[in-house]
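Asker: Chain order of the listed sequences is W and Y. So the first sequence is numbered by our numbering: it starts at 1 and just counts up by one. So the second sequence is numbered by our numbering: it starts at 1 and just counts up by one.
Possibly wrong hints are sitting among the right ones.
Part of the chain W face toward chain Y, derived, beta carbon under 8 Å [unchecked claim]:
| no. | residue |
| --- | --- |
| 1 | Glu-98 |
| 2 | Ser-212 |
| 3 | Arg-254 |
To be clear about the criterion: a stretch of chain Y counts as covered by chain W if any three or more of its residues have a C-beta under 8 Å from a C-beta of chain W, and this derived list gives those stretches [unchecked claim]:
| no. | segment |
| --- | --- |
| 4 | 83 to 90 |
| 5 | 104 to 111 |
| 6 | 242 to 256 |
Source of the hints: derived by calculation from the structure; they are not laboratory data. No residue lacks a Cβ here, since even glycine has one placed at the ideal position from N, Cα and C.
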Amino acid sequence: MRKVLTIARKEFSSCFHSWLGVLMAALFFLASGIFFVILVLSYSKISMNPQQYGLSNFSGINQTQYIFGSFFSNLSIMLLFLVPILTMRSFAEEKRQETLELLFTYPLSDFEIVIGKQLGILLFFGVLLLPLSGYLAVFRWIGGEFDWGPVSLGFLGFWLLGAAYLAAGVFISSLTKNPIVSALGTFSVLLVFWISDWVDDVATGPWVRIFSELSPLAHYKNFTLGILDVQDMVFFGFFFFYFLFLTLRSIETRNWKS
Amino acid sequence: MSMNHPEPSNLIRFENVSKKYGAFYALRDVSFEVKEGEIVGLLGPNGAGKTTVMRTLSGFFPPTSGRVFVRDLEMAKHPHKAKRAIGYLPETVSLYPDMRVIEYLRFVAKLKGVPAHELRGHVRSKMSFCGLLDSGHRLIGRLSKGYRQRVGLAQALMADPPVLVLDEPTTGLDPTQIKEIRELIRALGQNRAVILSTHILPEVSMLCSRVMMINQGQILASGTVRELASCLEDREAIHIKIKDKQDQDRALKILSLLPGIWNLKVSEEVRGETFISFETSPDEDLRPRITKLFVEQGVSLLEIQRLQLTLEDIFLGLLREGKLGRRFP
Numbered sequence: 001m002r003k004v005l006t007i008a009r010k011e012f013s014s015c016f017h018s019w020l021g022v023l024m025a026a027l028f029f030l031a032s033g034i035f036f037v038i039l040v041l042s043y044s045k046i047s048m049n050p051q052q053y054g055l056s057n058f059s060g061i062n063q064t065q066y067i068f069g070s071f072f073s074n075l076s077i078m079l080l081f082l083v084p085i086l087t088m089r090s091f092a093e094e095k096r097q098e099t100l101e102l103l104f105t106y107p108l109s110d111f112e113i114v115i116g117k118q119l120g121i122l123l124f125f126g127v128l129l130l131p132l133s134g135y136l137a138v139f140r141w142i143g144g145e146f147d148w149g150p151v152s153l154g155f156l157g158f159w160l161l162g163a164a165y166l167a168a169g170v171f172i173s174s175l176t177k178n179p180i181v182s183a184l185g186t187f188s189v190l191l192v193f194w195i196s197d198w199v200d201d202v203a204t205g206p207w208v209r210i211f212s213e214l215s216p217l218a219h220y221k222n223f224t225l226g227i228l229d230v231q232d233m234v235f236f237g238f239f240f241f242y243f244l245f246l247t248l249r250s251i252e253t254r255n256w257k258s
Numbered sequence: 001m002s003m004n005h006p007e008p009s010n011l012i013r014f015e016n017v018s019k020k021y022g023a024f025y026a027l028r029d030v031s032f033e034v035k036e037g038e039i040v041g042l043l044g045p046n047g048a049g050k051t052t053v054m055r056t057l058s059g060f061f062p063p064t065s066g067r068v069f070v071r072d073l074e075m076a077k078h079p080h081k082a083k084r085a086i087g088y089l090p091e092t093v094s095l096y097p098d099m100r101v102i103e104y105l106r107f108v109a110k111l112k113g114v115p116a117h118e119l120r121g122h123v124r125s126k127m128s129f130c131g132l133l134d135s136g137h138r139l140i141g142r143l144s145k146g147y148r149q150r151v152g153l154a155q156a157l158m159a160d161p162p163v164l165v166l167d168e169p170t171t172g173l174d175p176t177q178i179k180e181i182r183e184l185i186r187a188l189g190q191n192r193a194v195i196l197s198t199h200i201l202p203e204v205s206m207l208c209s210r211v212m213m214i215n216q217g218q219i220l221a222s223g224t225v226r227e228l229a230s231c232l233e234d235r236e237a238i239h240i241k242i243k244d245k246q247d248q249d250r251a252l253k254i255l256s257l258l259p260g261i262w263n264l265k266v267s268e269e270v271r272g273e274t275f276i277s278f279e280t281s282p283d284e285d286l287r288p289r290i291t292k293l294f295v296e297q298g299v300s301l302l303e304i305q306r307l308q309l310t311l312e313d314i315f316l317g318l319l320r321e322g323k324l325g326r327r328f329p
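Next comes chain W alone, as it looks inside the complex (with noise of 0.2 Å):
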């Protein structure tokens, strides 16, 4: 256990040596922010004048939905580019430096290797998250109104899709040894699941069903909604652990190749 946190915290602390990782988290702190703001002043503006946008009663929106389940809808598109990035030097980089051949050496298996480099990601992406929770203060402060119960299921529900974009992305990093090649697969990969999300609205069959259903973002929709469903817990776990355990099974493979 000590040599996985040991792991972890050298690539927690590797986000930070560089200033890649830096201004990853400036750029999502700035990026949803703005997007904070903007909901926030939408929503402000449809409330003085409910009826010009068609609406009568306007005590039928609810702020928590309209500004927090959006503002979580429209972070989980942030993550098609943050997560290549903050994945893209987890093996591929070490490969390319060659510094894995060491680490392969240590009284190490395997799966310390893969456990440790996700969870320092993971502890990373949870930094990042962090700032996240001074917009609570801010929407309070000018006398906003919402429920915690919804906010902490959509605080939970964009870690749990960050959490299975990010172990996807560390497998894909890990079958090549250039970083850029990583990122730009990752982004692929992020796109294709993106995209699945869509099938639904373009056609129908048992096919659809099927590509709906694989969707992570089919089943972050209901945190945002502020639903808590098992399912939606157990496909991001088992997401998580299947790439988990290809990233293991490419690992191992320099056993049998050269």
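Chain W is fixed; fit chain Y onto it per the hints.
Answerer: Using the frame of chain W, we list chain Y on its own:
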């Protein structure tokens, strides 16, 4: 830990180890042992299988067949315990460039299982041994090659492994650094089993108590430095540089008529200057005779020098004559 053995024990043992990459044998049926207190040099041309031996030994990948023992622990069955007993310095010392020296060494010490309360002192003692005390807070990426090699050696020494595996520890260093690293290795070899690979002949005679020559994945000869040297020292090379290309044929003709010359070849042609090289026995210096003949016949001789054969030359020569393959007791 290893103190309770009454006599030097086998710290490393290879039993019929083969490693295949596809259909290619990188190692073929290799068996050897290394005892405590021995520094064994692994000699061979590039691609002979030196690095494969070291990677198999360090547990980087398993052999295709055969068994590797470290301290009587089989690598395949007890990878954790066996790897704990090994310090490995790879050929290209690749370290995390964005970490600081002390931070990296602590990371390695923790991964190798140095207990938390010993960590500080342990890392410090290794840094002091490798002359890194003043560079603890420097970024690894900004270190010179020599210092990076020291960090590499320090990471190999973490957790005091009784077996050291050093893959070409002195390549790319300047002469002072080479001298320092060699002294470190000699000091380390006293109560450990050290196996190091190199293609520099003098290095072997300076450092190693025993030499194994390896080619095409097989151990061709193994013995003490003296034994091996007697086998190798009956050859020398002479290099000749002549000015005009027109003289080349004439020069070759003169040389081919001389007795005691092997492997005559034109090795390079640069801007009209031709290099000719061949091997002779070291007993008789042929240079005065060749110079005289060239001058008499008007060949434009620029340079003539005697050189020690490179390891590759010797290897090829010995292989041709079937001299390799005999084992020293």
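Asker: Could you check the structure against the hints above and give me the numbers of any it violates, in ascending order?
Answerer: Numbers 2, 6, in rising order.
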